[in-house]
Amino acid sequence: MGRALSFFRPAASPPRRRGLHPATYLLTGLAMLAGCLLLDPVDPVGMAGILLTVGAAWFLFRPDAASWSRFALFGLAMFVPVFIFLPWVTVPVGTPSLLSASGFLSRLAVLWRIFARGLAILLVMSATVVSMTMSEFQTALAALPLPRLLVALTAQIVHHTGMLAAESRRIGQAMALRGGTTGWRASLLVVGSLPSAWLPRVVERADRVATALELRGYDGLPIDFDDRRFHRRDVVILWSAVCWVAAAILFRWKGISW
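The numbering used here applies: residue 1 is where the sequence shown begins, and numbers increase by one.
The reader is advised that the hints may include incorrect statements.
Using C-beta positions, here's what the derived DEER-type ranges look like [claimed, not checked]:
#, residue 1, residue 2, range
1, 45, 207, 47 to 57 Å
2, 147, 70, 32 to 42 Å
3, 239, 149, 40 to 50 Å
4, 45, 101, 20 to 30 Å
5, 82, 45, 21 to 31 Å
6, 243, 210, 39 to 49 Å
7, 135, 76, 29 to 39 Å
8, 65, 206, 34 to 44 Å
9, 211, 82, 20 to 30 Å
Think of the hints as simulated: they come from the structure by calculation, not from any bench. Idealized CB from N, CA, C, for every residue including glycine.
Modelling step: build the complete structure from the supplied sequences, incorporating the hints.
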C-alpha cells in the first residue's frame, strides 16, 4: 500500500536519540498547542512566547525538514489570505474607521491573531506528528487514560484517513497516466465521485482484515509489542510542558506585557 500515512515518520527510520515514551511527545505537543492558544501574538511577550514554543517543538521533536517545510508552506497558503478580509473585520463600537491608523491597527490585530496562532499550532502539531511512526502514535494513545474503544476508534480514523488519501493519489496518478481530462469542471466531477470509488475498496479491505483477525484469534485491540515505559526524563519533559502552560495562563490572566 506504500506509505499511506505520509505525514508520519517512516517505520524503518532510525530511532530517536532521546528515547522518550511516545505518549510524552503527544502530551507535550498538546501542551504546546494550548500555550499557542493562550498567548496573545499582538503583545510582544506573547509573540515571543509563541516563537519560543515553535522553536522548542523543533528542538524536542526534530521533525523531518522536508515534511515540516511542506506543512509550513501549507499553513502560509491557508492563513495568509485571511488578511484580504481586513475591511470586513468586526470591531467594538466606537473603534475609529479603517482609514485611521488606530482603526487599521485594531482590525489588523484581529487577523494577526488568527494568522500567528493558526500557523504556530499547525507547525507544533505537524512537528509532533511527523516525528512519530504510526505504531508510536498508537502506543501513545494506548498509554493515555482513555477508554480502549476510543483509542481503537481514533487509531482506525487516522489509519483510514491516510489510506483514503493514498487511494486518492493512486486514482489521480491512474487518470493522469491514461490522459484524463483537465480543468476545474473535471476536477469537481472527480472529487464528487471519489466517495463512490473509496467505499467498495474500504469495505473489501475491512472484510479481509476482519477475516484475518478472526482466523488469528484477535477479538480486541491489537497487541502492543512496544515495552517502553515512562522514565525520569519523560516526567521532566511533561512537567516542563505543564509549567509552560501555567506560565501562558499567568501571562494571559495578569496581562503581563512590555
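Structure-based check of all given hints:
1. Taking the beta carbon of each, residue 45 and residue 207 are about 56 Å apart, inside 47 to 57 Å as hinted.
2. In this structure, residue 147 and residue 70 meet the distance hint of 32 to 42 Å, their C-beta atoms being roughly 34 Å apart.
3. A hinted range of 40 to 50 Å for the beta carbons of residue 239 and residue 149 is inconsistent with their spacing of about 30 Å.
4. As the Cβ distance of residue 45 to residue 101 is approximately 23 Å, the hint placing it in 20 to 30 Å holds.
5. The beta-carbon spacing between residue 82 and residue 45, approximately 23 Å, falls within the hinted interval of 21 to 31 Å.
6. For the pair residue 243 and residue 210, the supplied restraint of 39 to 49 Å holds, since their beta-carbon distance comes to about 45 Å.
7. Taken as a hint, the range 29 to 39 Å holds for the pair residue 135 and residue 76, whose Cβ atoms sit roughly 31 Å apart.
8. Residue 65 and residue 206 have their C-beta atoms about 36 Å apart, which keeps the hinted 34 to 44 Å range intact.
9. Taking 20 to 30 Å as the suggested C-beta distance range, the pair residue 211 and residue 82 does not conform, at roughly 48 Å.
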